[in-house]
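Protein chains: 2
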Amino acid sequence: MKHLEKLKTAFSPKSIAIIGASRKPGSIGNEFLKNVIDDGFNGPIFPVNPNADHVRSIKAYPSVKDIPYDVDLAVIIVPAQYVCDIAEACGEKGVHALLVISGGFREIGPEGAERENKLKEIVTRYGMRLIGPNCLGIINTNEEVRLNATFSGAKPRRGRIGFISQSGALGIAILNYANQIGMGLSKFASIGNRADVSPNDLLELFEHDPDTDVILLYLESFGNPGKFSRIASRIVKKKPIIAVKAGRSTAGARAARSHTGALTESETATDALFDECGVIRTMSMEELFDTAMALSFQRPPEGNRVAIITNGGGPGIMATDACAGYGLTLAEFTTETRSFLEANLPRAASKQNPVDLIGDATKERYTTAFNAVLRDPNVDAAIVLFVPPVITNEVDIAQAIVDASKWSKKPILSCFVGARTDSPGYRLLSANRIPAYVFPENAVRALSDMVKYKSYRDRPESEVVRFTDVDKESARHIFSKYEKEGGMLLMSEVLKVLEAYKIKIAEYKIVKDIEEALDAASDIGFPVVLKGVSPALVHKTEFKGVVLDIHNNDELITEYKELVRRLSAKGIQLDGVMIQRMYSGGKEGIIGASYDQSFGHILMFGMGGIYVETIKDVSFAIAPVTKAEVEHMITSIKSYPILRGVRGEPPIDFKSLEETIMRVYQMVEDFPLITELDLNPVFMMKDGCVCVDARIKLDPKAFYNLPG
Amino acid sequence: MKHLEKLKTAFSPKSIAIIGASRKPGSIGNEFLKNVIDDGFNGPIFPVNPNADHVRSIKAYPSVKDIPYDVDLAVIIVPAQYVCDIAEACGEKGVHALLVISGGFREIGPEGAERENKLKEIVTRYGMRLIGPNCLGIINTNEEVRLNATFSGAKPRRGRIGFISQSGALGIAILNYANQIGMGLSKFASIGNRADVSPNDLLELFEHDPDTDVILLYLESFGNPGKFSRIASRIVKKKPIIAVKAGRSTAGARAARSHTGALTESETATDALFDECGVIRTMSMEELFDTAMALSFQRPPEGNRVAIITNGGGPGIMATDACAGYGLTLAEFTTETRSFLEANLPRAASKQNPVDLIGDATKERYTTAFNAVLRDPNVDAAIVLFVPPVITNEVDIAQAIVDASKWSKKPILSCFVGARTDSPGYRLLSANRIPAYVFPENAVRALSDMVKYKSYRDRPESEVVRFTDVDKESARHIFSKYEKEGGMLLMSEVLKVLEAYKIKIAEYKIVKDIEEALDAASDIGFPVVLKGVSPALVHKTEFKGVVLDIHNNDELITEYKELVRRLSAKGIQLDGVMIQRMYSGGKEGIIGASYDQSFGHILMFGMGGIYVETIKDVSFAIAPVTKAEVEHMITSIKSYPILRGVRGEPPIDFKSLEETIMRVYQMVEDFPLITELDLNPVFMMKDGCVCVDARIKLDPKAFYNLPG
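As they're listed, the protein sequences go chains W and U. Take 0 as the starting number for the first sequence in numbering that gives the first Met the number 0 and just add one per residue. Take 0 as the starting number for the second sequence in numbering that gives the first Met the number 0 and just add one per residue.
For reference, chain W alone in the conformation it holds in the complex (with noise of 0.2 Å):
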């Protein structure tokens, strides 16, 4: 918490040195210095440059050190090689927070990296915080405050957004972009290399700020996936997250060797983590903004329930095919409402939702259907979209949303097709916090966004299950033996983990001869599979180790023959045969769980059989994984519907399922060096899902532990 005291005074300083002021014109030191100054920084600036009295009028210093009074933020732009030792000099000076600007570190090689080190190494030292290096800047629109300290041309407004990007040429574009659709900020962070402050770390800070409604991210990559989703879980409870995750597709294929690790793709995962804890992830850049001026003007909706308005059926007609597209359904009046509208609406005019209030409508007759609409009870939220014809004031239709939006409590998004965003209606709409986009797509889909945060952040907490009834140290005793070298578990071990962690097995026994076979099939009931027992097995399928759907004595004598036969031309020893009770016709499924070096364990469940190859119907989550995660795990995939039961069918044990699936976890959380898992097929029955078969991977290199 002292650590976040000090990053709030990064982004409050009291006073700033920016080290590298320069009187050159466009320069970086100079152009950032007269940002600082122009947007009215509310304390004294200390320009640091050895070769200047003074820079932009201001008193200059030939070293941080020189200046007498409190330094809080020390700006440093000037050359990499310099960078360490200024900042030795501003540790010695008491400086609280360093925001270096300048190149030249990690993202050069070798070197750069060497240097990002010590600088960090001195940071530490003299317990500063460090933003950057390699980055754009920050900045706090904070009325006492008044922190510009970017080197963008755009000057920024005051809003209630706070904005943290991984990329600065990204800051530059975010921060134009804002400034051109009227958007304002609370605070930005570039943050560059993120050398010692992360995107983690800024989260908690804006989590804390009141002036933040809403939080954007721009991220390149995770640091800490597991302390992004336990940082961000709880902040979606209180304001919305918005990201776009960058990068997507250059993870590239994985050389997973299990089905669990090929089918699980960053994106994937990605895609499950922002989902687990509630961050909305957005696929453009574009869409990233759209919700953001949504979420911060308005608050989210009840439900899902749109009414449309509009002066033009067309438009209206394309907003209703985005709602289908993003979930959303169109309201359906009361009787009142459609009374009402039938009342006072001109004839030609559509009383049904989409309301289309037909080319001349009027401020007036806007402010009729908003009367009617926005007081129905079916409806919590609506569109309001206009297409200025020649006969139209269009500031007087915005005014009169603007004034519908003063009393009503649902939210209203606006569209003013093909509008200019700096025409004089957008300009209302924006400044009296009307959500405004110039086609209708964007804002359904932004309206979409809404209704996804509402179900975020109301969605109940869901807790990790455990089982008291495992059998850790039984597990812990086998794994032991991979515990330097890794490796995969013989078949005869993964039975004795998965029975230690209660997760049922397809009956089998192990036996040594043809008279202990047939005792063992005929306790198990025909048919039966058999299964050749060795190491040699394990890492090898071409070896025709297993023999199917034997029905019967006779065909099992031939089978085990043809089998001890078959191997042992081929030089393999058996340590015995599995008798194994042979399912068939059943629900196949596929459960398993897998390291990945960016998330952790990523737990899987699909359908098995040639369909989870082909149609890839998995679904994913990352850990730690709750119960309600489980239970999202199975209801998402498509073929959800089979499980629950066509023609007639009773329902597979869901209960069992998510059982087997919780238990997997606790597994692989117990033990984290288990890199690949797969249960595989697992039979989903109506009266409880056996696994038949069964891998586990082990690789204790692969662990490690992830960064702050």
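Keep in mind that the hints are not guaranteed to be accurate.
Lysine to aspartate or glutamate pairs mimicking EDC-like chemistry, simulated, CA-CA at most 16 Å apart [what the hints assert, rightly or not]:
no.	chain 1	residue 1	chain 2	residue 2
1	W	350	U	587
2	U	237	U	587
3	W	503	W	553
4	U	350	W	470
5	U	471	U	668
6	U	503	U	587
To be clear, the hints were calculated from the coordinates, so they are not data collected in a lab. Because the structure is a prediction, the values reported are computed rather than measured.
Put chain U on the given structure of chain W with help from the hints.
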């Protein structure tokens, strides 16, 4: 063609009468005249107004018949009740075309529809063409004509895009927004109620218009989809058509009983239709503009390999992500390109694709990158991103892009991230035919649409295959029974019809008693299926008239007796019992056809079994269905890899599958009264495809002639 000539005249009239031209400022009749005058129409304008001697200083006439000169086009802007009389007068006067702006026709109900019919009759009687009624107007920006016959406030820019809009309101928005982003139009038409001139007519007009390179369509409904398909397919070989089809979600669920009917939503049918005729469908208004700009400014690329050049990492990654999402490939540079970039770019720059010229990139550095990358044979197109930092002039970078486009034949799309569309750089780009966007994702999406157009344009022509070995007369004989009333075919009739069209059916015999049943089963070979044959079983499935998986004579005897007993207990008299070869464990498919009032016959193919109901892994084609379309249907389902063979299986017999689908199509083409047809399941094996069960429904009333 005479009709097309008159339509040409409407867009390039030598003289115009404006009937309803008003002296009242702000009225549509006044604004309209003002637009025509202000745009400098290259011919005489004759205002018609019985109460004014002149309007806006132009001599006015009491009636069109009083004009002592020829009138090519008459614009009618008077209350609906006067329109027909005026149209009559125009006919007598010898006017070639009417543009009826007035509303009050079909859109207001039966009274208006009657008026519209009368208007249409008058127009037809005099051989005039009619645009509207209830429309926004038309525009022709050709220098020789300069016709702005709309009441929109936007002054159209000259360009090479032809726009057809079914919505007047959207027309206004389109004109406003096109203006804003500097997009010029060749011609614009708001078609209103399309009493006479349809989108299809306008497509043909624009097809032959030398001023139009790209055609944009906003449609809410197809008039005649067959005709649309024919015309559009022809046009896209010469110029791209980009369409937004609205009303996607309004069609709602249709009450069709067959699988095919239920699975075919209007949405999917629209997609299939556009895809078949090569029309690029965009899902939003914004995409329509984005893609139009790209295709009207640049030639489509030869392939999908993209080079990204940026001055900021973040935007580069976002563009890369978007490329993956839209099916574009990041180009792999040649060694030459890489060496050149290594030698000529600063150390910190990234010389891989995306090329990151870093924040201080100048015009010269961009030019260096263009010189290498645009000449690389592995590159088909370039996306140039620029984030304007303080120290670089955006106009310089824009100029560098313009210069490169002068010598490079490859399309270049630009994105000045977060910029204003009226910024000097953006303006310079669009003035020089460089598509310019504000967000990276939009540029990528537009480029992907260009690639799609190229593939549409270049795909080989394909023909409908017609088999000469079918016995159409036998089928006609059976269908003739249903010509009046329609209904479900009996099982025996279905079988005969399929046999007549040489569609393979699983081997069967219809028997009268157990003895015949045993003989049949012995001929066919076990396992077999029993099916009760009776008209009562056609409509009802709850009677359990089918017994699967009979393995031997004993089972056959038992089940035969039980079937007869069960059905006769329910009062069902059997005409016989079908003994059919039992297939199982193979790949089950479904082939269907259904008749849709908007689209005509729609063919469906998909995976059968429970997956068809849950995953809905199906594909569609709209009649006429060519061989290439059949191939596309098969390869485009998600489970296609399963058909090709997974886990070492052989592929199914694709030739036989294609043939089966084509024979089904031939049947519905021959007998349009087939409204529902399902072959379900069809067993798809390595040596042929066999239909096991089928149903056919006829409805002579459903089939009607579609409008022109």
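Hint-by-hint comparison with the structure:
Taking the CA atoms of residue 350 (chain W) and residue 587 (chain U), the gap is near 48 Å; set against the 16 Å cutoff, the hint is violated. A distance of roughly 41 Å separates the Cα atoms of residue 237 (chain U) and residue 587 (chain U); the hinted pair therefore is violated under the 16 Å criterion. Simply put, residue 503 (chain W) and residue 553 (chain W) have alpha-carbon atoms about 29 Å apart, too far for the 16 Å limit, and the pair is violated. In summary, the hint linking residue 350 (chain U) to residue 470 (chain W) is not supported, as the alpha carbons are separated by about 55 Å, beyond the 16 Å threshold.
Proposed proximity of residue 471 (chain U) and residue 668 (chain U) is supported: the alpha carbons are some 11 Å apart, at most 16 Å. Pair hint residue 503 (chain U) plus residue 587 (chain U) holds up; C-alpha atoms about 15 Å apart against a cutoff of 16 Å.
In this structure, the earlier hints numbered 1, 2, 3 and 4 are contradicted, and the remaining ones agree with it.
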